[in-house]
Structure formats: structure tokens, C-alpha cells
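Here is how the chains run, residue by residue.
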Amino acid sequence: VSKPPALVQGTLDLLLLKILALEPLHGVAIGQRLMQVSEDVLQVSDGSLYPALHKLEQEGWIRAEWRTSDNNRRAKYYSLTRYGRRALERETREWHRLSTAISSVLKLEEA
Amino acid sequence: VTVHLGRWLSTVPLRLRGFVGRRRLDRDLDEELAYHVDCRTEHFLRSGLTAREARERAERELGGGIGVREQVRDTWAMGWIDTSIQDVRYAIRVLARSPGFAAVAVVTIALGVGANTAMFSLVDGVLLRPLPFPEPGRLVHVTGSYPQGGLAMLRERSRTMDVASYAAGHDFNMTGLGMPVRLGGASVSAEFFSVLGVDAAVGRTFMPGEDLAGRDALVVLSHALWQQQFGSDPHIIGRSIMLDGVSREVVGVMPAGFRFPSAGTQLWTPLHIDSSRTDTYWAGDYMPLIGRLRPGRTLAEAGAEARLLQSRLRPLFPWPMPPEWNADLRATTLKEAVVGDVRTRLLLLLGAVGLVLGIACANVANLLLSRGATRQGEIGLRVALGAAPVRIVRQLLTESLILAGLGAGAGLMAGSGGLRVLRATLPPDTPRLAEVSLDWRTVAFAAALAVMAAALFGLAPALHAVRSTVTDGLKSSTRGTSATGGRLRRTMVVSEVALAAMLVVASGVLIRSFWNLSQVEPGFRTERLLTLRVSPNQTACAVRDRCVSLHRALGAGIAALPGFENAAFINTLPLDGRIAKRSVVIQDFVLERNAAEPLFWLNTISPGYFDVMGIAVRQGRAFTDADAAGAAPVAIVTAATAQRFWPGQEAVGKRLKLVGQDMWHTVVGVVSDVRAYDLQHDLPPWIHGMLYVPYGPASVLEDGSLPVAVTLVVRTAVDQQVASEMVRQAVARVDRDASVSEVSAIADVVSEAAAAPRSTMLLFVLFAALAVGLGMTGIYGVLSFLVSRRAREIGIRVALGARRRDVLRLVVGEGAAWALLGIVAGLGCALALTRLLAGELYGVSATDPLSFVAAGLLLFTVTFAACYLPARRALRVDPVLVLRAE
Chain S
27 VSKPPALVQG TLDLLLLKIL ALEPLHGVAI GQRLMQVSED VLQVSDGSLY
77 PALHKLEQEG WIRAEWRTSD NNRRAKYYSL TRYGRRALER ETREWHRLST
127 AISSVLKLEE A
Chain F
2 VTVHLGRWLS TVPLRLRGFV GRRRLDRDLD EELAYHVDCR TEHFLRSGLT
52 AREARERAER ELGGGIGVRE QVRDTWAMGW IDTSIQDVRY AIRVLARSPG
102 FAAVAVVTIA LGVGANTAMF SLVDGVLLRP LPFPEPGRLV HVTGSYPQGG
152 LAMLRERSRT MDVASYAAGH DFNMTGLGMP VRLGGASVSA EFFSVLGVDA
202 AVGRTFMPGE DLAGRDALVV LSHALWQQQF GSDPHIIGRS IMLDGVSREV
252 VGVMPAGFRF PSAGTQLWTP LHIDSSRTDT YWAGDYMPLI GRLRPGRTLA
302 EAGAEARLLQ SRLRPLFPWP MPPEWNADLR ATTLKEAVVG DVRTRLLLLL
352 GAVGLVLGIA CANVANLLLS RGATRQGEIG LRVALGAAPV RIVRQLLTES
402 LILAGLGAGA GLMAGSGGLR VLRATLPPDT PRLAEVSLDW RTVAFAAALA
452 VMAAALFGLA PALHAVRSTV TDGLKSSTRG TSATGGRLRR TMVVSEVALA
502 AMLVVASGVL IRSFWNLSQV EPGFRTERLL TLRVSPNQTA CAVRDRCVSL
552 HRALGAGIAA LPGFENAAFI NTLPLDGRIA KRSVVIQDFV LERNAAEPLF
602 WLNTISPGYF DVMGIAVRQG RAFTDADAAG AAPVAIVTAA TAQRFWPGQE
652 AVGKRLKLVG QDMWHTVVGV VSDVRAYDLQ HDLPPWIHGM LYVPYGPASV
702 LEDGSLPVAV TLVVRTAVDQ QVASEMVRQA VARVDRDASV SEVSAIADVV
752 SEAAAAPRST MLLFVLFAAL AVGLGMTGIY GVLSFLVSRR AREIGIRVAL
802 GARRRDVLRL VVGEGAAWAL LGIVAGLGCA LALTRLLAGE LYGVSATDPL
852 SFVAAGLLLF TVTFAACYLP ARRALRVDPV LVLRAE
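Protein chains in written order, with my numbering: chain S, 27 to 137; chain F, 2 to 887.
If you're looking for bench data, these hints aren't it; they were derived computationally from the structure. Everything numeric in this text was worked out from a predicted model, so none of it was measured. Idealized CB from N, CA, C, for every residue including glycine. There's no promise every hint is true.
Okay, the calculated beta carbon distance ranges per label pair [stated by the list, open to error]: (1) 862(F) x 115(S): 57 to 63 Å; (2) 44(S) x 27(F): 28 to 34 Å; (3) 31(F) x 115(S): 32 to 38 Å; (4) 27(F) x 115(S): 31 to 37 Å; (5) 66(S) x 51(F): 22 to 28 Å.
A short, non-exhaustive set of chain S residues, derived as facing chain F with CB atoms under 10 Å [as the list claims (entries may be wrong)]: (6) 50; (7) 54; (8) 79; (9) 97.
Take these sequences, add in the hints, and give me the full structure.
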């Protein structure tokens, strides 16, 4: 198995926000969902997932609450706040701008 | 920026938990990670690993969990503490760099916070704090006042509360321990202490039945009296002391803080309830009624019951009581009864001082705005370097908070000084004044004020600084203030002037009122008159003739002192707070149906009284020595009384008698009126006339006794201190047991009567002065700033030929326009608000036009001066220099 590429600095936040925008999830599920959606390309190590989540909570972009999970245990679910939703929009725009710019640079024909 | 702020605020609880609720956060994290490991273990189990391998794999994935925990904890700490420390450090550096600005801001806040803290601790101690008794909310006061018979009936019949009563102002001579001492005392019913819920610190209080005649030779001492007069003698219980010539056994000493009914109460004796004596039982002291609600009973029930019992009480009186007597009876809380009178006054003062704080905040906000403008470069740089606007707002707010904190600290110190001023200014009979102190509640209040003030003066300038930087970017023209800054600044200045105007108007109205009051002619001479209270022992008056000759000897002894002219005495001096009253039957006067006999203010005087006091005899004659000796019963009435009862007739020759007596007194003279009750009124509305009778064996008080303590009035030019000592010796020569108290010039008695309005007026003037001072510095500061900002514009104008007058008009005109706007707004608000003062005013309307006009003119002059100084500076602008600086 080839090692998945390291995530670009800052994009982890964007991805987490996007996934949580769909539905509230707990930590394990977030990691699984990320892999699943990106077809195993994007993988976040468990060691960096939790610090990132807590940082987003500190920023006021997501909020956490204890709920009962599918297997009937208490799990901490994260969901997006309205500030998080706005941040997501902003970051997404920013990402598109950036990636378009990068693609157009890469599309330059070598003479 | 506001979005950021809202988001930031939404995370405050979480951040606070990172600060104080760390343990719970840790537990949460453990649980969260444990859940993660469990889920992953299950996952690996399903993929075929053994239980042990699966768990090990899951834990390894998480890096053993320790690293993750550390990183998450760092996030929490970073969120709150680190940035806060950074902010504080930076703020202190910034403030230290401009100490002048910091000092002005701190002093301004200190003034505002100090004044408010002092006033708050006063309001807190007097109005807010519960009375210092157990379950104070269950203590009740029944309005009206009741004779012993009323108390006896109510305490026996009431089912809703335990009832007690007290007669304040029963002063005693204590003899047998060196010089006789005059002690403030209260006669109380046996249940007085148990109703209040306070037990003796040493010994006991009174037991039921001990207030009945024959069993009442007892006394309870205050803690202070026990300390001062008895050296805290531990064996005091059981000792007998001589009070007014009667031996009383000390049964208890109260705890130190107990001072009810007044701070001046030094001892408590039982009421002497004697149902066999109609006069004292039904017509003696009329006393207030207090009670403690029994379990499950409410104030409303107590009130209803008291009204019911009142209607059953009326027919028990030996004479018909008018139906209006206590007709509007109510039950209130005891606290309401104790402090109700001063509430309005204190709240008005608190409101006034709140306005001062408002001005202080506006001032500091202006300072910050101006500074924000000069710091635009710095802020712009930080934004350009990537600081989030919310971070900068937070930074600026931290600066404000530090300023406010320093100001509050200084204000707290100023407040303790201010409290001393307040206590010295307020009349000493203000209820609960002795209980007032600075404590943790005051500190908490000052802290809350500081935070509020910081938000008030810091937020708008901070938001503005960031917003204008963000829009202007680093374009950084340090010139030309932005439009919003100008608007904010203008709003601040206008509201400062408006607030100050309100206070000045209020002061003006109060000054006018006090002036009117001080111009009131009390109706007697106020120069070179010394008054003092002489109190022989009650026992000295057991034999009436002896008592009369004793008083005559006392008067003569004092009048014979070198430097003393004539002396006279009266049972109760006008304006000294005592009221002697008596129902009077007037011959041939037809009462309205069901009306009671008119109640008269009863003065018992020595023959020379009118002469010494300079009270004019309008008709007939004054009393003679023969009258005093009891030749034939005579009386003198005041002009207003004669007018009321014998309008258009000759009063001299009419006859009247005191209820309960058989002799008719013949009116021999009419004298001019005096202000006896207070400076505003001759008599309280419930007293119908004023009567003088000569001091003699036949003159009796309402309870049938001969007045023992009298107030001597002496004409003398001798210095008060010296005179006081001479008088004491002269009295001691006549009667060793007689005590001398309340030595004062009569002018002081009169001015004492205006103590409450004077203190209100003085404090308002003080606050107004503070407000005007702060307002002036505010305008001055803003205009100075604007002048320095517009130096270039002014330079160009001068270069283009503007004259001095034009430049002056430019600068002063702007300031004056703001001031005018502020004054108009302030006067408008004052028009609505001074109505609140109406109850405190005498002879002037709350919307007194003179005060409004004067306040407007004063403020305009003052603000104009504050504008003129910066304008002068504008004149010195040298166009060459300014333009070369480009």
C-alpha cells in the first residue's frame, strides 16, 4: 500500500468542516468518512485528528456534545456552528481560487 | 469584526472551562479517546486479529494517546491563557510608553468609580442590606402609633404575628458613678428583643410580664455603654444602677452591633404598663408597633388582621376616638419603615453620581479615540502582518480593561475617602448610617463598574480603530480624521455636556430651594442665644412645688453667671425634634360631627421666654411670675391658632382646657408664630394649634406628669465652650444629680433643621462640579486634538489670508456648536428628570426657569472657555512650517 500523501497545511481544517457540514459525527466516523469519500486517497492519522478537532472547537467553528452512538455507547459528536458554516464558505472559495490559480500555472505550455 | 466577536464570545464558556474546569475537560478527552480505541479495536477484530493484537494496533495508531492528549491540552491553553498574557504584556508596554495619557485616563476613571463606589456602599448599607436581625424579612411594622392600651390589646389578640413596641427618646440621668451622665434610652415592651430575634450577649433580655408596673425596675445595657461606663465588668449582671433616681437591676448586655431603635440608644428599660392609670395607659407615649410574622403567615394577612383589631380597639378608648385615627393603617416590612424616608434622597444621589461616571466614560472613550487615530499606523502594520481584526480589538480592549482596573483600584481608595465625606455630609440621624462600610460587596461593585466602564469606553473606539484601519489599510495619511471617528467624538462630547447640564440644573434647583429654606424666618431670635437641655432626676419632681422651685433656681443660677443675661426655659424648644402635644377643649367651639378634640402643641414656659427668644406679643400680655405661681390658670396662643379657632374675634379672654383636666385656662395673650416642627412648616398637619402655658404646678404633659427635663435658653456673648462649662457648674451647684446635655447655639439648632436638604444640595453641587470639570477637560482634549489634526488646513487658510478672527471662529465655532447641542439636550432631559426632585424642594418648582437659564449660561460660558484655549493654539500655527512639512 502506498503511503497516502501528507495533507497540505491548513486543508485538514477545510476537510473536517466540510464533512461535519453534512452531518454531526464522532471522531472515528470522521476519519472513516474522509477515507471513504476520498476513496482511500486522503487519510488523516488518528494522532492529528483529535488536536485538529479541538482546535476547531476552540475557534468556535464546531461544537461538541455527548450523544449515544449506534453501538449504544456515549460518544462525542461534533457539529458545525453558524460561524463554522461561514468559515467553510470562505475557506472553500479561497481553496477554489488557489487551486484554479495553481492549475492555470501548471497548464502553461512549455515552449 | 462583529462576526468575529460573536464567534469569539460563543467560545468563552469553553475557554473558561479550559481555565477553571480542567479536570472535567480531561475526563471528557479520556472518554473520547477510549471510545476511539474501542471502535478501532472492534474494527481490527473484524479483520481477523486477536483481541490483544487488535487493541495494541488501535492504541499504536493513536500514538499511545499521550502525544494526542498533550497536543489537545496545548490547544486549550493556547486558546485562553497564552494570548491573554500576551495581550496584557503588550498593553502594559503600550500604556507605559504614554504615561501622560494613561494617568489622565486612570484619574478620570478613578473619580467616576470612586464617587460611585462611595455612594454605592452608602446605598448598600442603608437600603439594600437586610436589617441585622435573624430572618429580617419576617419583621413587620404597623403604621400609626399606639398607646400602651393598644399594644396590650394587639399583642394579646394577634394571631399572625408576635407584637412588640418601643418608645424611643427616653433619656435617663445615670448617677452614683461620678458626674451624672445623660444616657439615650428606649422603653420597650417585654417582647421587644424576642421579636427582633436578638438575645443578650451577657445575661438575658426581658421576660414576658416584666413590662408591667411593679416588676419593671430592670435595665439592659448596650455593649458600648457596658464598655465605656462599666469597663466591661463581667459581674455587671445583678448590679443595680441609679437611673433618674430610681434603682434598676442590670439583667443583660446586648451584643456590640445591636442598635435599635437608633444608633444613640445606650440602654433599654421595660415599658411601665399600668392599666389602672387611664392617662398613661391610653394617652401616654404613642408608640410604633413592630411584629414578627408567625410561621406561615404573610405580610398581607398581618395587615388585614391589624386593620380588624384596630377597629375593635377604637371603642376601648375611654374617650371617643375620631374615625380617621389610623384609618389608613398598613403593615409594611420593618426595613421599609426604617429607611423609607431616605430612600428617594439616596437613590437620587446614586443617579446623580451615575451620570458623573457616564461623563468619565465618555471622556476616556474620547481619549482612546484620539489615541486610536494616532495609532493607526501601528494597527495597520499589525493587520498587514496578519493579525486578525478580532485579535486587535481584543488587544485594545485589554488596554481599556487595564486602564479601568487601575482606575477602579485608585477609585476604591478614593471611594473610602468619599464615603467619609458622605458620612460627614449626611445628617447624623440618617438611619443605619453607622452600619455603612466598605467591604467585599463594594470591591465587587467597583470591579463590576470597571469592567462595564471598560466595555463602555473601550469598545466603540476599538472597533472604530480597527474598522478605519482595515478600510484605510496602510495608506496612512495621519491627517484628516475619518467621518465615523468625527461622529463618535461628537456624540461623546455632546452627551458629556448634556449629562453635566442635567446635574447643573438639578443643583441649581436644589440651591434655590435651600436658599429659600435658609431665608425662612423661624419666628425667634437666632443671635447670641445658647440653649441647653437640663434634666433633673424624675424623682426630683415627685413633689410638684419642689420641682417648680428647682427649675426656677436653675434658671436664676444660670442667668446670674458673669456674661450671661436673662435666661428662660421651655419644655421643648422649637425645631429640636421633640413634640409635646395635648388634646384641648375650646369653650364654645363647635366641633364637626364625629371629630375629636383638636390636638395642640403644648409649650410649657417660664415667664421670661418670649422676651429672651424675641417672640413678639401681638395682643394681650406675656406671662408674669404670678401666673407661674398659679394665681389663675392662663394660656397664650399663637396668631395662627387664634385665627383658626376664633377668626375675626378677640382671642384674649377666650377659655380652653386640657383634656383630662377640669380647670379652664383663660387666654391672656396672642404671640407671633414660630417654626416649631420644621423650617417648612409651623406645625405638622395633624396638630391644630399651638398653646403656651406657664411652667407651674398645674402645667402637665400629655401623660399627666410635670415636665422634668427642660431646655434653657440664655442670652450670652460668652464663647460656647466656656459657657457650656460654666453652665454645668452652675447646674451642679443647684442640683448635683441634674445632667446637662445638648449645649448648642440656637443658630445651630435652626441650621440643623435644614441638615437633610443641605446635605442633598451639597452633594449634588459636588457631583455637578465634578461633572462640569470632567466635561470641560473632555471638550478641551477633543478640540486640542482636532486643532493639531487640522494644523495643515489652518496653515493653508492663514496662508490664503484668513484673519485671526476667522481661525478663532473656525475652532471655537465647532466646539460651541457641540456644546450648544449638548446643553439643549441636557436641559431637555433635565426638564423630565428634575421632577424626581419635587419632593425635596421648598418654595421652588422642579422646572424652575431661573435654574434652567442659569445652568445653560454657566455651561455655555465654561465650555466656551474650554474651546477658546485650543483655539488660541490654532492661532499660533505657522503656515510656513506646516506647509514645509509636506
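Evaluation of the provided hints:
Checked against the hint of 57 to 63 Å, the C-beta distance between residue 862(F) and residue 115(S) comes to roughly 58 Å, which is consistent with it. Hint check: residue 44(S) to residue 27(F), Cβ distance near 30 Å, so the stated range 28 to 34 Å holds. Between residue 31(F) and residue 115(S) the C-beta distance comes to about 35 Å, which sits within the given range of 32 to 38 Å. A beta carbon spacing of about 34 Å between residue 27(F) and residue 115(S) agrees with the range 31 to 37 Å that was offered as a hint.
A hinted range of 22 to 28 Å for the beta carbons of residue 66(S) and residue 51(F) is consistent with their spacing of about 25 Å. Given hint, residue 50(S) at the interface with chain F, is violated; its Cβ is 14 Å from that chain's nearest Cβ, farther than 10 Å. Hint status for residue 54(S): holds, given a least beta-carbon distance of 4 Å to chain F, under 10 Å. The restraint placing residue 79(S) at the interface with chain F holds, with a minimum CB-CB distance near 8 Å, inside the 10 Å limit.
For the restraint placing residue 97(S) at the interface with chain F, the shortest Cβ-Cβ distance is roughly 8 Å, inside the 10 Å limit, so the hint holds.
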